[in-house]
Amino acid sequence: MRIRALAVRIMQQFVRDKRSLALIFLAPLLVLTLMYFVFNGQAAEPDVGVTGLPPSIVAKLESAGANVTVYDNREAGMEGLRDGELDAVLEMAGGSPSILLEGSDPAVNQGVQMIVQRAMGQTGGGGVQPDITYLHGKANLTSFDSFGPVLVGFFSFFFVFLLAGVSFLRERTTGTLERLLATPVRRGEVVAGYLSGFGLFTLLQAALIAGYAIYVLGLYMDGSIWLVLLINLLLSLTALTLGTLLSSFASTEFQIIQFIPIVIVPQVFFSGLFSLETMNPWLQKLSFFMPLYYGADALRGTMIRGEGLSDNTVNVLVLLGFSIVFALLNVAALKKQRSI
Amino acid sequence: MATSVKVSGASETVLAIDSVTRAFGSRTILNGISLDVRKGELLGLLGPSGSGKTTLIKLITGIDRADRGDIRLFGERMPKLAMLNRIGYMAQSDALYNELSAKQNLQFFGKLYDLNGARLESRIQAAMSMVDLLNHLDKPVAAYSGGMKRRLSLAIALLHEPELLILDEPTVGIDPVLRLAIWQELLAMRDKGTTIILTTHVMDEADRCDRIGLIREGRLTAVDTPEALKRMSGKATIEEAFIALGGGAGQ
Chain A
1 MRIRALAVRI MQQFVRDKRS LALIFLAPLL VLTLMYFVFN GQAAEPDVGV TGLPPSIVAK
61 LESAGANVTV YDNREAGMEG LRDGELDAVL EMAGGSPSIL LEGSDPAVNQ GVQMIVQRAM
121 GQTGGGGVQP DITYLHGKAN LTSFDSFGPV LVGFFSFFFV FLLAGVSFLR ERTTGTLERL
181 LATPVRRGEV VAGYLSGFGL FTLLQAALIA GYAIYVLGLY MDGSIWLVLL INLLLSLTAL
241 TLGTLLSSFA STEFQIIQFI PIVIVPQVFF SGLFSLETMN PWLQKLSFFM PLYYGADALR
301 GTMIRGEGLS DNTVNVLVLL GFSIVFALLN VAALKKQRSI
Chain B
1 MATSVKVSGA SETVLAIDSV TRAFGSRTIL NGISLDVRKG ELLGLLGPSG SGKTTLIKLI
61 TGIDRADRGD IRLFGERMPK LAMLNRIGYM AQSDALYNEL SAKQNLQFFG KLYDLNGARL
121 ESRIQAAMSM VDLLNHLDKP VAAYSGGMKR RLSLAIALLH EPELLILDEP TVGIDPVLRL
181 AIWQELLAMR DKGTTIILTT HVMDEADRCD RIGLIREGRL TAVDTPEALK RMSGKATIEE
241 AFIALGGGAG Q
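Same order as they appear, the protein sequences are chains A and B.
Residue numbers are given in full-length UniProt numbering: position 80 of the first sequence equals residue 80, and the series is strictly consecutive.
Residue numbers are given in full-length UniProt numbering: position 149 of the second sequence equals residue 149, and the series is strictly consecutive.
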């Protein structure tokens, strides 16, 4: 009987908690849908620039599944490669083929090599091994080297989000926030205090994660560690402000957890861990609303392609903008707790 | 007892509440409350739980805003941030940081009231000795008993020597001996000119107040000295008077 009473009570509570219901029923659908779009597209067609190749090989490349652009000289192709328009440049110099790969994504590298091999094999020149060089990265760049920078950003983001969300919620549920707001403290001061108090820890966390990944796990690193730390810190600040903001809309720790499939998981899909090239272009635009997209892009650019601050101005400014907007919304949300 | 109100001599109005109404959705919590509190007065708000005492307190402290009506504190219209420096507030729940020591809690709140250095230190000593917790200053609050937490909350409310002390159920969970001690301190503070507003539903505490406001279903049914309330209702105790004056219509 007691067991039944308990079970009934739990069911009653559950039915009253509409959001938990939504979580168990709708969130899996959301995640599944996202995975469908990410994984169920057509195979990516690598963009290959060619110079000095006979038209027959160009046609073979195209039929093997590459988007081929013909350039007059090597330099024009190189430019496309640097701008990220091309995945590889293929040229015929002195009778032997050579491939210059963009290099940041091992999967794309392999795809290009396979297509080139197939096209060459069909012409009968299969005995000639193309000479392969890399614009970024190296031949043995692993998937981890490619995903690593994204993971570094993701973990900073995820844990700071949870921590900030839960601790701000605690402040509210234990009544200390109300007590705090009965003092002459300004709402902006509360938010700023939270930012600086947690900011120190997020800085340490960002340094720890980045340092561990690079120096302990040997993650490929071609750029400035200081830029990596800056980007990671900005990403954490965004997570911090977003976490505290969303905690205003949760009344229990469990409801903070519910934000994970809604706020965190979609960002993972759009962060560059999975190639979005085959996704519906309209859906791809969703990534513009996701802080992790900018952070991951900047981290990847810095660590793999050795980009500097000037290459990442947009990413840095957008992350900063996210933090500022979330912080201001936080100040506004505190009005719910105190009218002034 | 009734005359002791006039002994303090001050007629200066600290708090003026004028026909205040507050509703949450369709539920009216406070309905046309008007009340004046003079300097150096100890006013008790008496009413069953859910009657609107805490909501009224939140309006006075400026945490919440009235839908209609006017609340003036020291002549200034509330809510006003600068006024909060002159109020000491003790919430119904012990709003303490359990992970921190009592001293860290006091330092934190003291600094929010712009107390610093030696002055902060001496105020912490004074407030903690008043609630008899001086020996437990460095203990983490998590190790405090329920009564100790209540007393620490009170110490925090007293920390910046506010002119107006607002206490929401200050003596809940405190044993009778200590309750008596705390009341003596409150009365002593009142005699020095501190205005005190507190909520309670302990009837013998109500008897110690200069005036009692009876709240029932969001309405202030009567405000007067304990003696006058008893006389008015023809009852011998505040408890009976409360039921006679406030309860009749509601039941």
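Misleading hints may appear alongside valid ones.
Some chain A residues close to chain B (C-beta under 10 Å, calculated; not the full set) [what the hints assert, rightly or not]: (1) Glu45; (2) Glu62; (3) Gly65; (4) Thr174; (5) Gly175; (6) Leu177; (7) Glu178; (8) Arg179; (9) Leu181; (10) Ala182; (11) Val185; (12) Gln337; (13) Ile340.
Beyond 12 Å from chain B on every Cβ pair, some chain A residues (computed) [to be verified]: (14) Trp226; (15) Phe249; (16) Ser339.
What the hints contain is simulated information worked out from the structure, not anything from laboratory work.
The beta-carbon is built from N, C-alpha and C at its ideal position, and this holds for glycine as well.
Inset, instruction - Double-check Ile340(A) for me: the hint is only fine if its C-beta lies closer than 10 Å to a C-beta in chain B. - result: The hint holds - Ile340(A) has a Cβ within 10 Å of chain B, the shortest such distance being about 4 Å.
Inset, instruction - Would you check whether Thr174(A) satisfies its interface hint, that is, whether its CB is within less than 10 Å of any CB in chain B? - result: Hint on Thr174(A): holds, closest Cβ of chain B at ~7 Å, below 10 Å.
Inset, instruction - Identify whether the interface hint at Gln337(A) stands, where standing means a beta carbon of chain B within less than 10 Å of its own. - result: holds, 7 Å
Legend entry - Glu45(A) as chain B interface residue, shortest Cβ-Cβ below 10 Å: It is violated, given that the least Cβ distance between Glu45(A) and chain B is near 56 Å, above 10 Å.
Legend entry - Status of the Ala182(A) interface restraint (C-beta, 10 Å, chain B): holds, 4 Å
Inset, instruction - Examine each Cβ of chain B, and state whether all of them lie more than 12 Å from the Cβ of Ser339(A). - result: Nearest chain B Cβ is 4 Å from Ser339(A), so the label is violated.
Legend entry - Restraint satisfaction for Val185(A) [CB to CB of chain B, less than 10 Å]: holds, 5 Å
Inset, instruction - Against chain B, run the beta carbon of Gly65(A) and see if the smallest gap drops under 10 Å. - result: violated, 60 Å
Inset, instruction - Could you check if Glu62(A) really has its C-beta closer than 10 Å to a C-beta on chain B? - result: violated, 66 Å
Legend entry - Interface hint compliance - Arg179(A) to chain B, C-beta minimum distance less than 10 Å: holds, 3 Å
Legend entry - Interface-negative label, Trp226(A) against chain B, beta-carbon threshold 12 Å: holds, 34 Å
Legend entry - Non-interface label on Phe249(A), tested against every C-beta of chain B at 12 Å: holds, 18 Å
The structure fails to meet hints 1, 2, 3 and 16 from the earlier list, while all remaining hints are met.
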